[in-house]
Amino acid sequence: MFGRRKNRNTANDNETNGRDIKFDEVVSGNSLSKKLDENIDMFKKIFSDDETLMIRRFQNKYLSAVKCCIIYLDAMIDLNIINENIIKPIHNSNLADEISRSNLFEELQYKVIGSHNIEEKTDLNNIVEDILYGDTLFLLDGYDRGLIIKSQGWEKRSVEESPSEQVVRGPREGFTESVMVNISLIRRKIKNPELKIKFMNIGRRTHTKICICYMKDIASESILKELERRLKEIDIDGIIDSGYIEELIRDAPFSPLPTIGSTERPDVVAARLLEGRIAVIVDGSPDVLTVPFVLAETTQVNEDYYNNFIFGSFNRIIRTTAAIIAIVIPSLYLALVTFHQEMIPTPLLLSFSASREGIPFPTFLSLFVMLLIFDILREAGTRMPSTVGQAVNIVGALVLGEAVVQARLVSAPVVIVTALSGILTLMNIDMVGPVIVFRFMLLFLSSVLGIYGFIFGFVLIVLHLASIRSFGVPYMLDITSVKNHAGQDVWIRAPWWFMVVRPKIIAAKNLVREISGKKRRR
Amino acid sequence: MKPVRIIFMIFIIIFSCFLLSGCWNYREIDDLGIVAGVAIDEGFEKKYKFTIEVVYVSGGIESKVSSRVVSIEGNSVFEASRNAIAVTGKRLYWSHSKVLVVSKKIAEKGITKIVDWFIRDAETRSDAFILISNGETAHEIFDGVPMTEEIVSFELEETLLNNSHLSKAPKIKIWQFANCLAGEGISPKAPAIQIEKVMDKIIPIITGTAIFKGDKLVGFIDGEETKYFLFIVDEVKGGVLTYEESEKREDGIIALEIFDNKTRIKPVVSGNDVEIDIKLKTVAAINEISLIDVNFVNREEWRKLEAKIGKMLENNIKETIEKMQQQYSSDIFGFGKKVYEDNQKVWNSIGDRWDEVFQNLKVNIKADVSIKNSAVLSEPLEVRN
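Heads up: the sequence lines are chains A and B, in that order. Residue numbers 217 to 738, in our numbering, belong to the letters of the first sequence in order. Residue numbers 6 to 390, in our numbering, belong to the letters of the second sequence in order.
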């Protein structure tokens with residue numbers, strides 16, 4: 217209903233293949249020459265008007281034939297590496313005795329330069345790309361090859377707990393903006409060669425590093441293949457956050473529901489990898505994407521698995537009911553109060569009636585406006601400096617909650633319903649968007665058709681949920697079934713000794729998680 | 006499918022909802038005149054006089070619920086209910102009406118027309134309770150002062166619902182009444198209501214049963230008789246059973262609390278002769294003894310008492326049935342219905358003259374009373390000077 221994903225961007229299929237993306241006209245057509253000066257001029261031209269481009273020429277003290285230069289971008293590199301590991305050894309050591317002149321380039325690469333990562337490169341595209349990523353290019357006069365020496369060094373945020381996904385119990389690490397740090401966080405949780413990590417670059421201009429992580433013996437190959445196909449199809453100038461990728465490769469692009477998971481927590485990603493899901497790490501974004509994503513995951517929280525299973529299940533049931541009530545309660549209240557008064561128990565009807573006495577606005581309008589105001593307060597509070605947030609809270613709670621009822625502009629039940637619905641919405645962070653959309657949809661339907669419209673809208677939502685898929689996996693996976701361990705991790709969180717299999721379809725290749733898990737507990 | 010087509014289809018579905026939905030209309034809750042109960046009397050100018058108790062809600066921070074009583078006349082029930090708009094200003098909303106009180110005079114002339122409107126109309130609820138006024142008029146019920154509730158009708162409903170602890174009036178909903186009206190071999194009945202003046206206050210009291218034959222009221226039985234009637238139709242779930250030991254002492258009274266009762270009615274057919282077997286299984290407990298010289302801890306005494314109370318129950322039930330047979334010839338117990346359900350062939354031959362058969366029907370009653378305890382005390386309270 218909200219449209220299946222279609223093959224967009226089919227045009228530049230061959231060109232948009234990872235590292236082969238063509239640069240601007242400046243780069244294309246050029247290649248490294250054997251003369252150092254020509255090469256330097258070429259780079260000056262490529263990086264013209266970029267004053268952070270640093271070119272340092274130097275020679276060996278003893279062997280003047282070693283004329284070389286390093287090219288790098290200032291502020292992207294670790295100066296220690298350049299000074300200590302490149303310039304110093306080449307500059308000071310007595311090369312005249314130690315190395316053969318015929319093979320000067322290789323000799324320097326293997327014997328002199330003291331860096332952990334050196335790569336010989338001739339392709340200018342690659343070289344320019346690496347320089348832009350903070351590597352240093354080493355050029356030697358007389359050779360049309362260059363050495364790329366890893367020398368990245370820029371300020372990174374330290375690993376700290378994500379403020380949006382805090383836990384009482386569980387690891388307190390959160391992803392950072394650096395893809396390499398993020399990989400290390402995952403690797404430290406899964407020490408296994410089956411954890412595969414693949415890189416690709418996306419974004420014609422931003423050249424953002426994208427990393428695909430998966431467990432080779434668990435993850436489904438067809439899902440992996442489909443993910444790679446969709447990623448390769450992306451032809452966009454820039455990727456600033458993983459949100460771009462999420463929207464470009466997701467299923468059901470018009471649906472408000474998330475069909476790709478995202479989290480800032482390495483433990484969540486590691487757990488999902490072990491269930492056969494595939495993670496996509498985007499450089500510059502602390503949110504790591506996971507596919508496929510099913511509806512049940514919206515109510516799963518990492519703490520469920522760390523706490524006692526009874527408590528975990530209880531919390532999950534609360535979260536699930538909260539999402540349903542948040543969607544349903546305003547429209548249900550509206551339908552009952554304005555259409556089906558006979559369905560309300562008499563004492564409740566009388567108190568509703570008393571609270572509405574003298575209210576000038578129709579119930580629908582007051583509900584709609586109050587819900588809108590709640591969302592305005594929520595949105596205002598999200599990005600507000602915490603010093604101002606206090607003021608917003610007071611205005612929101614006192615002025616809109618208390619005063620509006622006192623002034624008899626809105627009836628008290630409407631305020632209660634709004635507050636309840638609003639707070640329950642925030643319980644499932646993944647579902648905030650969809651809940652708001654569905655809530656207003658049902659509210660409109662209820663306002664014209666009563667319960668009839670409400671049921672119609674509810675059926676519409678369920679149909680939509682049943683119709684969408686995430687990377688070929690049904691969105692409602694396992695929700696209606698308890699057979700064969702299908703319901704072990706949906707409405708409740710079964711104890712670990714019971715969850716002996718991984719979710720079907722997603723980890724179809726390697727279903728068994730625990731061998732004889734049930735026996736061990738006895 | 007193309008998105009345009011999908012959107013178009015969604016619109017078609019939504020708009021067809023407007024046509025398909027039968028009974029719907031948008032109305033705010035405070036625009037309703039909520040009817041709590043209605044009393045129907047004979048009118049002066051027109052046929053019926055409607056006395057409607059409308060809930061009056063005063064809003065604000067301290068909301069208060071009270072009621073106002075409105076009287077309107079009309080030639081038909083529906084006409085009268087619509088005429089009420091002219092008086093109340095708001096459209097009356099019937100879905101929460103709890104009681105329908107019909108005056109004796111109307112009930113004597115035939116009650117079908119009134120019940121029909123309550124059953125037929127979409128808004129009225131057929132699970133409201135029906136009551137027959139045993140006083141002069143029905144509308145005076147609403148002049149009464151409620152004791153626990155703000156609204157008389159709600160209190161009447163409460164009284165009827167709690168009557169299972171008293172068993173002195175049947176609780177009959179309108180649909181049950183209508184079922185009896187239309188059913189074969191059973192006569193309608195309804196609880197009776199009258200007002201009593203206690204210290205200048207008018208208090209409505211529900212006790213006794215109004216007996217109908219066809220759709221016409223033929224008479225009333227009092228609360229005590231009603232209890233035995235309820236024993237027969239298996240609706241006793243509580244209440245007090247008083248046993249008077251008249252042989253030994255004048256004021257020798259044992260009061261038992263009824264805990265449970267199961268009644269089985271079985272028609273026994275031999276040829277074309279029908280007899281009715283009634284078996285009661287009653288569980289009760291002694292709650293009050295003013296018979297000092299009996300020791301109930303003794304098993305034998307206990308059994309004897311059980312047998313005596315069973316006998317008393319049997320006699321009283323028999324009396325009630327005989328009164329129905331001879332005085333009213335109205336089968337409010339539904340014996341005929343039992344025969345119909347049990348043996349249709351026999352019913353086909355006697356159904357047409359059931360009134361006659363009922364009057365001479367032989368009823369065998371067997372009451373099995375078991376007393377399970379004597380509350381907290383095991384022996385009678387002894388007085389020693």
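Hints may be right or wrong, so weigh each one.
The following label-pair restraints were derived from C-beta to C-beta distances [as the list claims (entries may be wrong)]:
1. B/Lys218 <-> A/Trp707: 40 to 48 Å
2. A/Ile671 <-> B/Lys95: 27 to 35 Å
3. B/Lys51 <-> A/Leu681: 37 to 45 Å
4. A/Ile671 <-> B/Gln331: 38 to 46 Å
5. A/Ile671 <-> B/Glu361: 50 to 58 Å
Quick partial rundown of chain A residues pointing at chain B, CB under 10 Å, derived from the structure [to be verified]:
6. Phe470
7. Val553
8. Phe568
9. Val664
10. Leu676
Pulled a few chain A residues facing chain B out of the computed Cβ check, cut under 10 Å [claimed, not checked]:
11. Phe527
12. Pro563
13. Arg572
14. Gly617
Hints in this document: simulated from the structure, not taken from any laboratory. What you are looking at is a predicted structure, and each value in this text was computed from that prediction instead of being measured. Glycine residues also receive a C-beta, built at the ideal position from the N, C-alpha and C atoms.
So, going through the hints one by one against the coordinates:
1. B/Lys218 <-> A/Trp707: 40 to 48 Å: For A/Trp707 against B/Lys218, whose Cβ atoms are near 59 Å apart, the range 40 to 48 Å is violated.
2. A/Ile671 <-> B/Lys95: 27 to 35 Å: Once the Cβ atoms are compared, 29 Å apart, the range 27 to 35 Å for B/Lys95 and A/Ile671 holds.
3. B/Lys51 <-> A/Leu681: 37 to 45 Å: The hinted range 37 to 45 Å is violated for B/Lys51 and A/Leu681, with Cβ atoms some 59 Å apart.
4. A/Ile671 <-> B/Gln331: 38 to 46 Å: violated (57 Å)
5. A/Ile671 <-> B/Glu361: 50 to 58 Å: holds (54 Å)
6. Phe470: holds (8 Å)
7. Val553: holds (5 Å)
8. Phe568: Where the cut-off is 10 Å and the nearest Cβ of chain B is about 5 Å from A/Phe568, the hint holds.
9. Val664: holds (8 Å)
10. Leu676: Holds, about 8 Å.
11. Phe527: violated (41 Å)
12. Pro563: holds (9 Å)
13. Arg572: Cβ of A/Arg572 sits 4 Å from chain B, so the hint holds.
14. Gly617: At about 14 Å, which exceeds the 10 Å cut-off, the nearest Cβ of chain B leaves the hint on A/Gly617 violated.
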